[in-house]
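Visitor: In order, the protein sequence lines correspond to chains A and B.
When you read off a place in the first sequence, starting at 1, and then add 5, the result is the number in this note's numbering.
When you read off a place in the second sequence, starting at 1, and then add 7, the result is the number in this note's numbering.
Incorrect hints may appear among the rest.
From the derived model, a few chain B residues whose C-beta atoms are all more than 10 Å from chain A [said to hold, decoys possible]: (1) 67; (2) 120; (3) 206.
Going by beta-carbon spacing under 8 Å, a handful of chain B positions derived as facing chain A [stated by the list, open to error]: (4) 97; (5) 98; (6) 101; (7) 111; (8) 114; (9) 116; (10) 124; (11) 128; (12) 203.
No lab work stands behind these hints, which were simulated from the structure alone.
We treat Cβ as the ideally placed atom computed from N, Cα and C, and that holds for glycine.
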Amino acid sequence: MALSHAAKTWWWLVHKDLLRELRAPRAWPAMLILSLALAMVISVQIDSPSDQHLELAGGMFWLAAFFAGTVALDRSFSGEHEQACWQGLLLYPVGPGTLFLAKLAANFLAFCALDVVLVPAFTLLSGVSLFAQPGPFLATALVANLGFSAVGTLVSALTSGLSQRHGLLVLLLFPLVLPVVLGAVQATRAMLVGDFSSWWRWIQLLSCFAAVFVALGTLIFDYLVED
Amino acid sequence: MTNNRQPFLRPTAADWRPEREAAPVVARQLTRAMNGRPVVARADLAVQAGELVALTGANGAGKTTLLRCLAGRLRPTSGEVLWFGLAPSPASHWLLGYAAHEGHLYPELTASENLLFAARMHSLPQPQQRVDEMLAKTGMTRYSGQAAGRLSQGLRQRLSLARALVHDPPIVLLDEPFAGLDTAGLAWLENWLRELRTRQRTIIFSSHDDQQCRALADRKLELQSGRLQTASLTDAYPPARCA
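With the rest of the complex left out, here is chain A:
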């Protein structure tokens, strides 16, 4: 029963975040435009022979995705602080772990939406089809997005109440998320060059990282949101 209650409240929290974004888009458009701009700039600036594109495409793609994704992370809690809605949320009979998982899910969906827009755009710009191997690419994107969402949601919660949150978010996020960036870049590179044993090792690393941060966030979220 308690699990069913937690699952229902989790869903309504995610639903609320998506509905708010739909009614008054504040994160997604900025994130998508930034990702396209970054992809374009990176593709134009990197002047390399076309045979090296397969090696570089993963790095270029994930760099654009992660930088643009910070916009969604920044807005995920700052929106809650208007009208002190976050204080209201903490007064509901909802476990802090459920709140964390709901915010994580909303951020995860934002990153998935980002990938949906960025993959075709990047394929056009770089001439490298990331979706040539749909299964491995989807697996890479899912675990990378999950890891990025888990770390990002934690850091965003930690910095959300602070006046210098924008700078601090980036400052704290990038060192922590480095293993995800590295893992996603290497997994994508391995996938594109057909080295699937290497790809599988990177996917395992990304999965472990995501699992650790999802578990950590669920356990410690109560302490992060305390006044």
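Following the hints, put chain B in place on chain A, whose structure we already have.
Guide: Just chain B now, with coordinates in the frame of chain A:
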């Protein structure tokens, strides 16, 4: 408490029987310091079921801080807060209805959606029905489809109160609930608070309006430089009931 206390589950209203031996709201030697300065200092307080307590004090006296401590949202620097003899936790948040200055309303969502979200967070069995009841009770039915951010201050205040009380909690903490209400709104809220008292709800509200405190409250507590003191309700306005 007599209700079955499963984690994160709220018993139905029919199950709810306030226990007499444990006061709904108790603060013992409650101190909350901010930047090393005690905003609330060694406050002792016990409020019974069916009691309506007014909390007064000058601006910055610590009313909001005390209410937030009582709501379990601010951890006391020392001392403790108990609801029905137990420390507040997310599992027991269904016991509390707390309306703050800020409203806790999502401006993009409609009045109805804000209430529906609150009802769902409390896992009410028929959320839409309860939302319709609350909209009718607060005179907000015709504004149900309007975004909360577009409502006037008075209507937002009504909606905020409805949000806080959508689950009919036994403990009601209201931070300046009369602010922004027009004459009709004031009368409506006074009646609502009296009705809640009749139904044995424990109510603590902060106010700057002495007349309202006299007219409504059973007891008046005054915060002066963080110290909680019992203030008299004048003879001209005797308290309805003393705890």
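Visitor: All hints, please: hold or fail.
Guide: Checked hints:
no. : hint : verdict
1   : 67   : holds, 18 Å
2   : 120  : violated, 7 Å
3   : 206  : holds, 21 Å
4   : 97   : holds, 5 Å
5   : 98   : holds, 6 Å
6   : 101  : holds, 5 Å
7   : 111  : holds, 3 Å
8   : 114  : holds, 6 Å
9   : 116  : holds, 7 Å
10  : 124  : holds, 5 Å
11  : 128  : holds, 4 Å
12  : 203  : violated, 18 Å
Figure legend: structure checked against the earlier numbered hints; hints not met, in rising order: 2, 12.
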